[in-house]
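Visitor: In case you want the letters, here they are:
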Amino acid sequence: MQFGRVSFTGGFIVMIALVYLFDVNNFVPLVVLAALVHEGGHFAAIWALGGRTLRLHLGFVGLRIDYEGRRVGYPGEIVIALMGPAANLALAYAASFLGRYLGSETLFFLAGISLGAAVFNLLPVYQLDGGRALYCFMALAMDVDWAWRVSCVLSCAMIFAMLAAGLLLFIWSGWNFTLLTVAIWLLISYCKSEGSAIRYAVNEY
Amino acid sequence: MRMRYGDDRRLNGRNTKQSGDGSLTALRLFACVILLAGVIVIRAFFPGATEVMRATVLPMIEEDMDYRSAVTAIGETLSGDVGFLEAIGDITRAFGGAQTEDAVEVTTLPEEPEVYTPLPSPPALILPPIEEVFAVPEVPVEIGLLLTRPEPEEPIVPETPAAVAVFLAHQEPFSYHALPWNAAISYEPLQFEFTAPVLGQVSSPFGFRYDPIISGVRFHFGTDIALYTGTPFYAFADGQVIYARACVSFGKYILLYHGYGVYTRYAHASALYVQAGDYVERGQWIGRVGSTGESTGPHLHFELRVNGQYRNAEFYVSFG
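For the record, the sequence lines run as chains A and B.
First residue of the first sequence: 1, per the numbering used here; consecutive thereafter.
First residue of the second sequence: 1, per the numbering used here; consecutive thereafter.
These are computed hints drawn from the structure, not numbers from a lab.
Hints may contain errors.
Quick list of simulated restraints, FRET-style, between CB atoms [claimed, not checked]:
no.: 1; chain 1: B; residue 1: Leu24; chain 2: A; residue 2: Ala161; range: 32 to 42 Å
no.: 2; chain 1: A; residue 1: Ala165; chain 2: B; residue 2: Asn182; range: 21 to 31 Å
no.: 3; chain 1: B; residue 1: Gln275; chain 2: A; residue 2: Glu39; range: 43 to 53 Å
no.: 4; chain 1: A; residue 1: Phe3; chain 2: B; residue 2: Gly308; range: 29 to 39 Å
no.: 5; chain 1: A; residue 1: Val31; chain 2: B; residue 2: Phe30; range: 21 to 31 Å
no.: 6; chain 1: B; residue 1: Leu24; chain 2: A; residue 2: Gly50; range: 36 to 46 Å
no.: 7; chain 1: A; residue 1: Tyr20; chain 2: B; residue 2: Pro189; range: 39 to 49 Å
Ideal placement from N, C-alpha and C gives every residue a C-beta, glycine not left out.
Please model the entire structure based on the sequences and the hints provided.
Guide: So this is what it looks like as structure tokens:
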């Protein structure tokens, strides 16, 4: 469904419903704030580098910005990708210091969430900012196809490591499924958006 | 061969996919919207049902894993005076349940258990001035579908004025600290009979304290009663054993659920005499005091949690 430049899928609504239902710690508003700042960082970078935002897509596997950026180049891509986590990091520090000043536990909580968002998005998985920046960096340093292969291998290794860790946690802790859920979510995200790319890599080489 | 950036379709050409069947997409979206609306309605108008559902799912991920505290601790380090390593220690503590050791061997009760008569319930004293100090919170209307909380007949006030005075005096130096979100210093009456789990010297009361393990001010969510290793401890009230197991921070511990949203925890034990799923009676011998887990000496760490909020057990029972 599309409203102007923003589109979203049913999966996104399901995601919202699930999170809302189980949100005991009332962290959803803070997560939304951290996400807005994160995307704000990307938007600012796109704008500053002369790109043009075409569309914002909200899906089950997260949020995607489509932009027209032929003039941006790989270094620009790296900057755009990293500006999201950077904005989160800035928010985390700001919230933490403000929290200390005001004596507010909620602000510390926001700082922790924002820092977590930054770290998570810097994971070397292609769907996340870290993996995308890494791919662009490798594309600059070596052949693009090699960069792509390394990127695929890294993403899969990371996802499977998380799946394994999540499974271990699930068994050891007596059904703690948090990490496993995150890993499965990443796997779905990887398969959905990169299915063709995996085929491409397999067929060509 | 080197590809130009503009031709890199992996970065630039992925946004052309269109949904094929419009009506099917619309139907799917409609179903999702109905689902979301349902969830909102359930959360808004049937808090009882939500509680029941959460009570089934959340213990799996929430028990022993205080996500909020862990995340807050991380956020706190960014600006500061708590070192990063100490924060990591905090997080490991908060996630202590994740590192559960091998299942605890549940020792069977010795052949001839020591003679024990349950301690009597404390008498309810009427002390008007205390009500001014501790506002009795409004009684929630319904908890769950089955657990209906009756209106209290008469306001019950903290058991001893001494306990309240000591508590307030003890907390005074820490008044500049924000109270944790899941702790309350007010008194909430309990709708069942209960008894002290042990009798002994309170070595570390509920509330803010100078934490011996991390060397800093931390909120203590339970009451520590110093006792010799091997001293029996007893169930606070009738209830069911949710956990009887070991984790890094609590050592061997028991978590009981008494209904009405009330949980009690008995930590750092040396022996446990019950298993998860068992039903216990008030005053039943359930374990022995020890110093397992993060502990500086043999003691019972007793926690009382009412509707998700930790409360001062000394307002309910006298340990001395």
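Visitor: Indicate, hint by hint, whether the structure satisfies it.
Guide: Now the hints, each set against the structure:
1. For Leu24(B) paired with Ala161(A), a C-beta distance near 37 Å keeps the hint of 32 to 42 Å intact.
2. Judged by the Cβ atoms, the range 21 to 31 Å given for Ala165(A) and Asn182(B) holds: they are separated by roughly 27 Å.
3. About 50 Å separates the C-beta atoms of Gln275(B) and Glu39(A), a value consistent with the hinted range of 43 to 53 Å.
4. Here the CB-CB span from Phe3(A) to Gly308(B) is close to 38 Å, well matched to the stated 29 to 39 Å.
5. Take Val31(A) and Phe30(B): their Cβ atoms lie about 26 Å apart, and the range 21 to 31 Å holds.
6. For the pair Leu24(B) and Gly50(A), the supplied restraint of 36 to 46 Å holds, since their beta-carbon distance comes to about 39 Å.
7. For Tyr20(A) and Pro189(B), the Cβ-Cβ distance of about 32 Å falls outside the hinted range of 39 to 49 Å, so the restraint is violated.
Hint compliance for this structure: hint 7 is the single one not met.
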